[in-house]
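Below, each chain spelled out in residue letters.
Number of protein chains: 2
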Amino acid sequence: MKSSIDCIPCFVRQAADAVRMSTSSDEERKRLMRAVLEWMGDIDLDASPPAAIQMIHRRLRGLLPTDDPYRAAKARQNDFAARLMPSIRRRISESFDPLTMAVRYAITGNIIDLGAKNGIEFGDIYSALQSAPIQPIFGDMTAFKKAVTEAQNILYLADNAGEIFFDRLLIEHLTGTRVTLAMRGMPVINDATREDALAAGLEEIVEIIDNGSDAPGTILEDCSPEFQRCFEAADLIIAKGQGNFESLSDVSGNIFFLFLTKCPIISARSGYDMGTYVAANWFGRMDIPVERGLQ
Amino acid sequence: MKSSIDCIPCFVRQAADAVRMSTSSDEERKRLMRAVLEWMGDIDLDASPPAAIQMIHRRLRGLLPTDDPYRAAKARQNDFAARLMPSIRRRISESFDPLTMAVRYAITGNIIDLGAKNGIEFGDIYSALQSAPIQPIFGDMTAFKKAVTEAQNILYLADNAGEIFFDRLLIEHLTGTRVTLAMRGMPVINDATREDALAAGLEEIVEIIDNGSDAPGTILEDCSPEFQRCFEAADLIIAKGQGNFESLSDVSGNIFFLFLTKCPIISARSGYDMGTYVAANWFGRMDIPVERGLQ
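Protein chains in written order, with my numbering: chain A, 22 to 316; chain B, 22 to 316.
A few of these clues could be false.
Because identical chains cannot be distinguished in the list, a pair is counted as satisfied if it fits within a single copy or across any two copies.
Under the rule of at most 30 Å between Cα atoms (straight-line distance), these lysine-lysine pairs were calculated in the DSSO-like manner [unchecked claim]: (1) K167 with K138; (2) K138 with K23; (3) K283 with K138; (4) K51 with K138; (5) K167 with K51; (6) K166 with K51; (7) K51 with K283.
Bear in mind the hints are in silico, worked out from the structure with no lab data behind them.
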């Protein structure tokens, strides 16, 4: 999907976040933001949001004293998520339909997204966890469950740090199937890289690859040949988060998107209200009114 | 107060709002936003947010096909507020302490601010109205009431369209005193101008002036000599909203700021949590920890 002019404030906010986390000098922050704004006018709004953000953060990395301003934030998110896991894992295993419950929690984890918001209050996460077990999932959970049962070779596209722990809980329920987990190739915003997958101990249960790209999404032509081969070979792709939706919603393939609608643009584009839990297969649906169904 | 780099995303969002409301052509919107971003790097962040926004919207008006993109939004906000008035007026007059209750509603009206957010859902206004009667007012309501009782000549600095109807309810309780109501001199964002004061029928109860400025705040040196004389002559100034706080918090004088804290920067600067109802006299308090008192 293309970017909208309403994505620009978010792009600028992400840049301000990166600048703020990279230096504590007020003068330096202002100088950096002036530089960012100067070349912000060149953004190609016909590109998807992850492609636009990729360009912005590539240029930012050239200016900032660190190549990963979000490192400390990601570590905090991982630590926090790790502490939540034992009780959530028990809740899932004790539920009537563990796979659906694991999907609910995997989508809940999608709240940990510094692309959509510049801070995640732990209180917000707790409150999302409270409502998680009773959240309706919109889209087509029946088709998702069938796809999971039939799949021989699942490619799981991760999204953010912290969230990756929640993804693990879902992956633990994708049993009897080969699962490959793909991480971002390089740090960008708080997107999860191989380091975060290792923090969640995922190397114990799946094969981990990275996509070779520094976009906060999955821009196929920008990904490594190895990743592209995995993408082609998979008979089911599970794509987590808005960034993967934004970059893959026009791509053909058996792709299920799992995400929480966190911005008005994604809400309008997907046809789901803000704050909706979505598990949907998208290809070919973009130009028709999106059916809304309570699962 | 100076602007922060964290104000910039909001400046860009306000510009995107103005562009969106001025043209429905996607191509034109993108062209305009590219132009905005190109000169956005020149913003003087040592200026207060209203001064920075003033510069941005002056330049925007040169590009847009209308000099008041928010006209329709302001008319909707006025219509909506007008319908709420009878029941709120009754609620205030029946309360134990009508002046304090009128302050609560005047601050509640401050939610109608397209500077702080790009859309006000009517549901949000209703929900704010539900909690309004029991909202604690932080700052110093005792001092405010004393100041109102003692004042001979009050200058009331209005803030936004829609909100001006809520201001009227408070002004109706500033009895036995000469009250002058100052509006913005020209349209900027959804700030209230003389037209909005007339929509609320305020010419029946007070003298209305305008400040001669197109800033979404009160930048004294930018205001007309007539306004400056009124400002000097007043023995109490009631300044509504964040924009007036941002531009007057360092100015000496018997100024009471009434506002709702709607952004993290104002929250940090004022020392009050987000969503706090504030009625406070500020001068000389900025460098010391702000006392928090429940009234």
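The hints, checked one at a time:
no.: 1; hint: K167 with K138; result: neither (34 Å within a copy, 42 Å between copies)
no.: 2; hint: K138 with K23; result: both (20 Å within a copy, 23 Å between copies)
no.: 3; hint: K283 with K138; result: both (9 Å within a copy, 16 Å between copies)
no.: 4; hint: K51 with K138; result: both (21 Å within a copy, 23 Å between copies)
no.: 5; hint: K167 with K51; result: neither (52 Å within a copy, 42 Å between copies)
no.: 6; hint: K166 with K51; result: neither (50 Å within a copy, 41 Å between copies)
no.: 7; hint: K51 with K283; result: both (29 Å within a copy, 23 Å between copies)
Of the numbered hints listed earlier, those contradicted by the structure are 1, 5 and 6.
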